[in-house]
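Read top to bottom, the protein sequences are chains A and B.
First residue of the first sequence: 1, per UniProt numbering; consecutive thereafter.
First residue of the second sequence: 1, per UniProt numbering; consecutive thereafter.
Be aware that one or more of the hints could be misleading.
Treat identical chains as interchangeable: a pair holds within one or across any two.
Keeping only pairs whose Cα atoms sit at most 27 Å apart, straight-line, the calculated DSS-like set for lysine-lysine is [to be verified]: (1) K403 with K29; (2) K394 with K57; (3) K72 with K46; (4) K397 with K453; (5) K57 with K404; (6) K404 with K45; (7) K394 with K145; (8) K6 with K394; (9) K29 with K145; (10) K403 with K65; (11) K403 with K46; (12) K397 with K29; (13) K386 with K6; (14) K394 with K46; (15) K45 with K403.
In case anyone wonders, no lab produced these hints; they're calculated from the structure.
Each chain, letter by letter, is given below.
Number of protein chains: 2
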Amino acid sequence: MYSNRKFYENYVSTRDVELLHDYTMRVLKEVGVSFACEEALEVFKKHGANVDGNIVKFDETLLNKALETVPKSLTIYTPDGETKIGERFRPKTVGCYGPPTFLFEDDTYRIAQKDDMVKFLKLMDTSDVTDFVNNSAYDTPDLDKTQDDFYMPQVAMCLKYSKKPTYGNVANSMNVRGKSLKQAAKDIAVLYKEFYDIWDKPVLLTNCCALSPLGYSYEVLDNIIGLVEEGQPVVVITCSMTNLTAPASLMGSVVQNNATILAGIVLTQLINPGTPVLYGSVSTASDMRTVTCATGAPEAQLIQMSALALGRYYQVPVRTGICVTDALKPDYQAGVESFINLMPSYLGKADFILNNAGILSSFAVGSYEKYIMDEEINRVLMRLNKGIDVSDTKGEKILAEIKKAGPLGNFLSGRTPKEYRQEHHLTNLFNRKAGNPQPLYEEIGDIRDRACKIIEERVESYKLPDLTKTQQDILNRFLPEDEKF
Amino acid sequence: MYSNRKFYENYVSTRDVELLHDYTMRVLKEVGVSFACEEALEVFKKHGANVDGNIVKFDETLLNKALETVPKSLTIYTPDGETKIGERFRPKTVGCYGPPTFLFEDDTYRIAQKDDMVKFLKLMDTSDVTDFVNNSAYDTPDLDKTQDDFYMPQVAMCLKYSKKPTYGNVANSMNVRGKSLKQAAKDIAVLYKEFYDIWDKPVLLTNCCALSPLGYSYEVLDNIIGLVEEGQPVVVITCSMTNLTAPASLMGSVVQNNATILAGIVLTQLINPGTPVLYGSVSTASDMRTVTCATGAPEAQLIQMSALALGRYYQVPVRTGICVTDALKPDYQAGVESFINLMPSYLGKADFILNNAGILSSFAVGSYEKYIMDEEINRVLMRLNKGIDVSDTKGEKILAEIKKAGPLGNFLSGRTPKEYRQEHHLTNLFNRKAGNPQPLYEEIGDIRDRACKIIEERVESYKLPDLTKTQQDILNRFLPEDEKF
């Protein structure tokens with residue numbers, strides 16, 4: 001069990017949730033949500049929604065019907081095990097997700113190439129705090145882009161480099177041609193089923209992002225329909241920005257996000273009732289001085305807490321995130337903002353966290369070094385969530401210890417006691433040494449240098465998974481030429 | 001009003017608090033607390049405590065009697081206003097407190113001199129998030145140490161450089177000779193009374209740190225008695241480390257700290273019932289690999305949350321802290337750990353925060369740059385604590401805005417709306433710009449460079465307070481030669 005510390009309840013009361021829900025229903029009934037996909041519109045029409053052009057409006061009856069069939073938790077299956085996602089389980093995580101540019105260890109920014117993405121896969125595979133692997137950079141320039149489908153090769157890379165389950169992105173019109181995106185999504189699902197030889201269970205989890213305000217693109221809808229028809233769960237999320245793609249106020253952002261997410265969730269249940277779906281939001285604040293998103297802002301945390309409160313209210317598994325910052329380097333700002341953003345997810349709690357490590361400059365830059373640093377935040381938050389063990393048994397033992405040490409005595413004895421080891425998180429990255437600061441700094445080096453050493457060790461310790469001949473053959477049908485077995 | 005979000009309640013239940021209290025009482029009755037001061041022992045004896053040598057033991061009757069007279073809140077008076085400390089008020093803060101070494105803007109560590117301490121006073125005086133000034137470095141090498149009392153000159157410096165109230169430290173046997181420390185503490189209190197011409201109210205707040213485990217030095221006790229006799233409030237704190245000066249477990253640390261703090265609080269009330277006193281703890285974890293304190297550890301936050309829960313239980317104003325880190329530079333680790341440590345204080349909440357900015361390397365190094373960065377954490381936490389405004393009035397307005405924008409519309413209009421400005425914290429230090437990262441980084445520079453610019457601006461904007469001739473004359477009696485008016 002993982003305690004849900006319900007951090008959000010200190011910010012969003014039951015009354016607040018009910019009010020947010022009421023205004024959400026009015027948005028769904030009076031404004032509606034745009035679905036740019038005939039098949040989706042037909043589904044809504046068939047189930048009695050009010051459909052006018054691309055705009056779908058519905059009331060609480062249809063919402064309740066759909067929510068009734070959303071599973072309270074879900075499991076992703078691979079041949080190596082089951083990954084459970086739901087309120088009673090530790091939040092499951094995905095690392096750095098998709099930025100085109102990386103900050104490299106030589107402190108330069110460059111467009112990421114396939115091998116850089118592979119290096120990230122190795123870090124995610126060897127991480128103790130990242131559960132899912134994924135493509136850390138999409139559509140790198142060195143892929144063979146003359147192919148009609150150069151998305152599938154990227155999908156196959158995840159299966160080649162890690163036995164951890166994969167978190168997927170949607171196929172889109174840039175990386176798939178010559179077939180519908182619905183078919184592309186189905187093809188991906190079937191690849192996983194075949195590779196794992198698991199045909200009737202969820203084997204893949206995919207990110208499906210709405211267009212704020214209140215819309216879904218045909219690309220995302222095609223993917224949702226294809227995946228859901230294949231019985232594969234999706235994560236429906238919004239990624240709005242206050243005063244740009246959402247109202248100026250936080251309440252406005254939350255109401256609009258909620259309406260959008262619920263409309264997507266309803267669609268999944270109308271297509272294939274009982275398909276697992278996650279309620280997700282990484283909607284954020286903006287900075288109107290620069291007209292940019294402000295992912296590291298405290299308002300982003302408040303929006304996330306509201307999303308957690310609403311997801312729990314609807315009893316749908318929740319995704320929040322995100323270990324993100326607007327800083328360009330893994331500096332003080334990056335530490336503060338990443339912690340702010342990841343905190344509600346671990347202490348809130350969320351069931352699923354995308355981008356639990358490795359992101360800089362909003363979502364635009366990936367960084368191995370920051371990945372290593374962010375891993376530490378994940379560990380710290382898990383320690384915090386464990387809380388403090390207060391019990392009578394412990395009390396008696398403590399009293400004996402305090403008596404033995406006595407006033408002005410000390411507690412340092414030969415062996416470090418079990419209680420210490422059980423209750424203390426010991427970091428391997430953050431400095432804990434004290435002394436004359438200048439020579440000490442020369443000894444321990446900059447935190448970025450220390451992170452670089454850990455990267456090296458991790459990449460060196462990495463081992464390519466053992467795959468069967470059948471699995472290798474399956475992947476060889478899709479892998480980039482120089483990646484084939 | 002400042003909302004108490006009671007963050008700690010998610011970690012420390014009512015049952016936990018009661019259990020912590022019960023074991024605390026057993027420590028106080030069965031083990032006792034050492035008071036190295038005859039006068040203090042006499043006071044305890046007179047009020048029926050069990051005194052054996054330096055060890056004082058007492059039961060709940062005496063504790064309850066003392067707690068009954070502790071004021072629920074307190075006010076520090078200066079001629080310019082009142083600073084209120086208590087649960088209903090915003091936490092009041094003191095900045096960088098006392099490290100002998102600073103990290104300077106040229107990235108070198110050096111022993112701080114008087115002028116460096118003055119520069120810190122200027123930053124604290126011009127800060128929007130620091131309420132009290134203090135000596136950021138004590139007993140700097142360039143003070144005239146041939147004087148019997150070179151503590152008073154340092155006290156006078158605070159009064160010279162800022163009209164904000166002062167947070168004091170105890171006079172000690174290093175910086176005061178030729179008179180008792182009780183007299184030294186009284187002399188300080190009288191200086192404030194005379195300088196402010198306020199004779200019958202609290203004018204000064206002073207840090208009084210116990211010796212863990214379970215003891216008070218004669219130096220601290222002399223100061224407590226002197227200050228309390230002058231009607232001046234004190235902050236009683238512990239600063240223990242798990243498995244070194246406290247038991248290995250967090251519960252053990254909390255029970256021992258609680259017994260120690262309560263014993264100090266009882267003494268203040270027995271001497272002068274009704275004198276304001278704060279319940280304080282900055283006790284922390286340790287790292288047994290290096291046998292150092294681990295101020296940035298998540299366990300430190302849990303210990304702080306327990307202290308908050310207990311302080312509230314006893315209805316005594318609470319001090320926690322601390323914007324501290326074990327990092328040697330204001331880096332990623334510093335950002336994370338400072339936030340971890342300051343969070344329970346703002347969201348918990350504490351009534352008083354010492355070290356709200358500017359500390360590195362546990363408590364050993366001060367940094368102007370980190371002070372500027374930490375100020376931003378204080379602002380972020382205050383914004384977070386404001387929470388999210390959910391109301392019917394706002395709901396109707398939002399609905400109209402969402403209708404106007406419509407699905408796939410946008411919210412960007414001519415003027416940035418009032419709601420945006422009301423609800424968004426805009427940072428002047430953290431980067432919010434986005435774009436091609438390399439040229440952007442060259443444009444904005446490193447966060448430390450940006451902090452240095454702010455330091456310069458702040459020091460330039462600083463103005464020495466206008467003091468009356470009488471006040472100047474009072475200070476001239478104590479100020480170092482080159483600081484006299």
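Verification of the hints:
In this homomeric assembly, K403 and K29 come within 27 Å of each other (Cα to Cα) only across copies, at 11 Å, whereas the closest approach inside a single copy is 67 Å. When the C-alpha separation of K394 and K57 is checked against a cutoff of 27 Å, the pair qualifies only between copies, where the shortest distance is 22 Å, while the shortest distance within a copy is 57 Å. Taking identical chains as interchangeable, the C-alpha atoms of K72 and K46 lie at most 27 Å apart only when both belong to the same chain, with a minimum of 26 Å there against 64 Å between chains. When the C-alpha separation of K397 and K453 is checked against a cutoff of 27 Å, the pair qualifies neither within a copy, at 41 Å, nor between copies, at 53 Å.
Taking identical chains as interchangeable, the C-alpha atoms of K57 and K404 lie at most 27 Å apart only when they sit on different chains, with a minimum of 16 Å there against 71 Å within one chain. Proximity of K404 to K45 under the C-alpha cut-off of 27 Å is restricted to the inter-copy arrangement: shortest distance 25 Å between copies versus 76 Å within a copy. Taking identical chains as interchangeable, the C-alpha atoms of K394 and K145 are never at most 27 Å apart, the minima being 63 Å within one chain and 49 Å between chains. Proximity of K6 to K394 under the C-alpha cut-off of 27 Å is found in both arrangements, the shortest distances being 26 Å within a copy and 25 Å between copies.
When the C-alpha separation of K29 and K145 is checked against a cutoff of 27 Å, the pair qualifies neither within a copy, at 44 Å, nor between copies, at 78 Å. In this homomeric assembly, K403 and K65 come within 27 Å of each other (Cα to Cα) only across copies, at 26 Å, whereas the closest approach inside a single copy is 62 Å. In this homomeric assembly, K403 and K46 come within 27 Å of each other (Cα to Cα) only across copies, at 26 Å, whereas the closest approach inside a single copy is 74 Å. In this assembly of identical chains, K397 and K29 lie within 27 Å of each other by CA distance solely across copies; the values are 17 Å between and 61 Å within a copy.
Taking CA atoms no more than 27 Å apart as the test, K386 paired with K6 passes in both settings, with 13 Å inside one copy and 18 Å between copies. Proximity of K394 and K46 under a CA criterion of 27 Å is satisfied in neither setting, with 61 Å inside one chain copy and 35 Å between copies. Taking the closest pair of Cα atoms, K45 and K403 come within 27 Å of each other only across two copies (22 Å); inside a single copy the shortest separation is 74 Å, beyond that limit.
Consistency with the previously given hints fails for numbers 4, 7, 9, 14, ordered from lowest to highest.
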